[in-house]
Amino acid sequence: MSPLLEVRNLTVDFGSFHAVEGVDLTVAAGEVLCVVGESGSGKSVSMLAVMGLLPRTGRVAAERVAFQGADLLHATPRGRRRLIGREMAMIFQEPTTSLNPCYPIGWQIAEALRAHYAAPRAEIRGRVVALLGQVGVPAPEQRVRAFPHQLSGGLNQRAMIAMAIACNPALLIADEPTTALDVTVQKGVLDLLVGLQRERGMGLVLITHDMGVVAETAQRVQVMYAGQVMEEQPAAPLFAHPRHPYTAALLDALPERAEGKPRLPTIPGVVPGADDRPAGCLFAPRCRFRTGQCDAERPALRMAFGARVRCHYPLDDAGQPTGRPA
Amino acid sequence: MTVLEAVNVVRHYPVGRKLLRAVDGVSFQLAAGRTLAVVGESGCGKSTLARLAALMEPPTAGKILVTGQPAEGPARRTLQLQNQMVFQNPYASLNPRRTIGEALIEPLTINRRGTRPERIADARQMLDRVGLRPEAFDRYPHQFSGGQRQRVAIARALMLRPAVVTADEPVSALDVSVQAQVLNLMRDLQDELGIAYLFISHDISVVRHMAQDVLVMYAGRPAEQGDADAVLNRPRHPYTRLLLASTPFVDPARRATTVAVRGEPPSPVDPIPGCAFTSRCPHVTEQCRTERPLLRLVDKQLVACHYAERIGLY
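Residue numbers (the numbering used here), protein chains in the order written: chain H, 457 to 782; chain W, 3 to 316.
What the hints contain is simulated information worked out from the structure, not anything from laboratory work.
What you were told as hints is all true, and nothing was included just to trick you.
Beyond 10 Å from chain W on every Cβ pair, some chain H residues (computed):
id, residue
1, Cys558
2, Tyr559
3, Arg570
4, Arg583
5, Phe603
6, Arg744
7, Asp751
The following label-pair restraints were derived from C-beta to C-beta distances:
id, chain 1, residue 1, chain 2, residue 2, range
8, H, Pro511, W, Arg115, 48 to 54 Å
9, W, Leu299, H, Asp772, 46 to 52 Å
10, H, Ala578, W, Asn91, 42 to 48 Å
11, H, Arg654, W, His285, 25 to 31 Å
12, W, Arg256, H, Arg654, 21 to 27 Å
13, W, Ala123, H, Gly725, 26 to 32 Å
14, W, Asn91, H, Glu715, 24 to 30 Å
15, W, Arg115, H, Asp772, 54 to 60 Å
16, H, Ala595, W, Arg256, 31 to 37 Å
So, partial list: chain W residues that the calculated Cβ filter (under 8 Å) puts toward chain H:
id, residue
17, Gln183
18, Asn186
19, Val208
20, Arg210
21, Arg257
No experiment lies behind these values; they were computed from the predicted model shown.
C-beta: ideal position from N, C-alpha, C; glycine also.
Build the full structure now, drawing on both the sequences and the hints.
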């Protein structure tokens, strides 16, 4: 069976800047994939490219982008529109800025239904009320008439989710869906997303920078850095035994993991910009295990210890690099 | 020595004909070299409390004491210098048209400290202390990353050698690896200079790492406050427990079993008679709806809940 979403060797350039470089990604039906990375790592851009939502200045190239086996890369805009919003949907970070302030939320949710189905108004209205109820909005009959400014951030995000799942999509891409929300509200929204995903057997791609969110929701995790996938493995082993030095360093820098230590371990240096991308491994300038080989040769993604790792010396269970010359 | 003290401070804002009770009776003491974290959700009044503590606006009622002196009348102006602020967003808190050097010198110029060469020397020394290179002096904010800008903001706050630095979500806008660098810097400066931090944050893990004392706010009032270890490891207020249970943790052992989060905080302009948390509390009784719980000592912390003794046992 072909995967729900298959992306091979995706590259996105803005001018001379490589925002995304050689990203492979597959999502199976009923799977939760988390894409995690710091700002500028290309995690949002790669998903926007898949959805065809990038501005024209972004040049997208790939070997293959396919949804349920059908090619998306060469799809006509019309063919793409038939899928987007219906079979694959996206939720954005800031609910209050992503919603249109001039229309009630009920109208905005109904828009997706009107675009994809020819149904009588009363039936669409009933569907919208049911959807709002399903995503946990209290008093949905009244709330369909509410404008975004009359609702809290949490309720607006629930309205966004209702909009995204209106047509029963097979794949849902959520870009930092809870970053703008308080933790108690975040918890409710995440539980809702995962609940819907299980109930409907959707594929869910969750883009986030929050390692705690990843640990609590993901089945599989992809770690991105400077536009490349650095590591990919199932969630539990990733947190127990990160195989890439970047993942390991990132986890060490979490205050949660440094209890009792006065200082947090840090990653020296900064993410490479457009002008100073190294020829070798992109993480090499900041890596504690860097060697001459790292500077000379960019590592490919390969299997090691059951994970996909882009490193010449993947870390063993003790966190030590394997095969590194002493 | 107590360098910052709040005595039952209240801050109300008129909204139409009603009053918005942003801060409604908060007291705390902060000693030199220590960190007090204020945690809570958006709208709970933590940023207003920070502005009151930094003497950026006067309280409607209650008192703020800085280095033991009440911040009232003419003394207010001089005491302001003892409590400086670091803001959340370093992209907005630095003037894009001024060099880093100018930003650092300005507080000294305004307060007529030293001669110009002395001010410049002082600013350069501060740059070095916060881990920025000397070249930074003549550069502009846009030439720096978020983490570096936050270092500049911290340096600027320290130029007048304050006893207290009030930091309102200083690392929330930063990536994890950069966040770690800035938190380390803040701790180093505290050890070196004995500064006290009033640290406003919504991130429990960051608070656990930085603070010795914690104040949990809900709807403008303290829900629970005291020793950080006691409050965060043995919380006795249902709201603190909800907050901890909602926080996503990497370590599975820390994760609470699923909690059903319901409801939202009450409106700050239409206060309800009893406990503000009744709309979301799983243990709510009739007493909670009618009688507002007072902050009282239970075990090692102050808790505003009628059933604090019982809740600690769950």
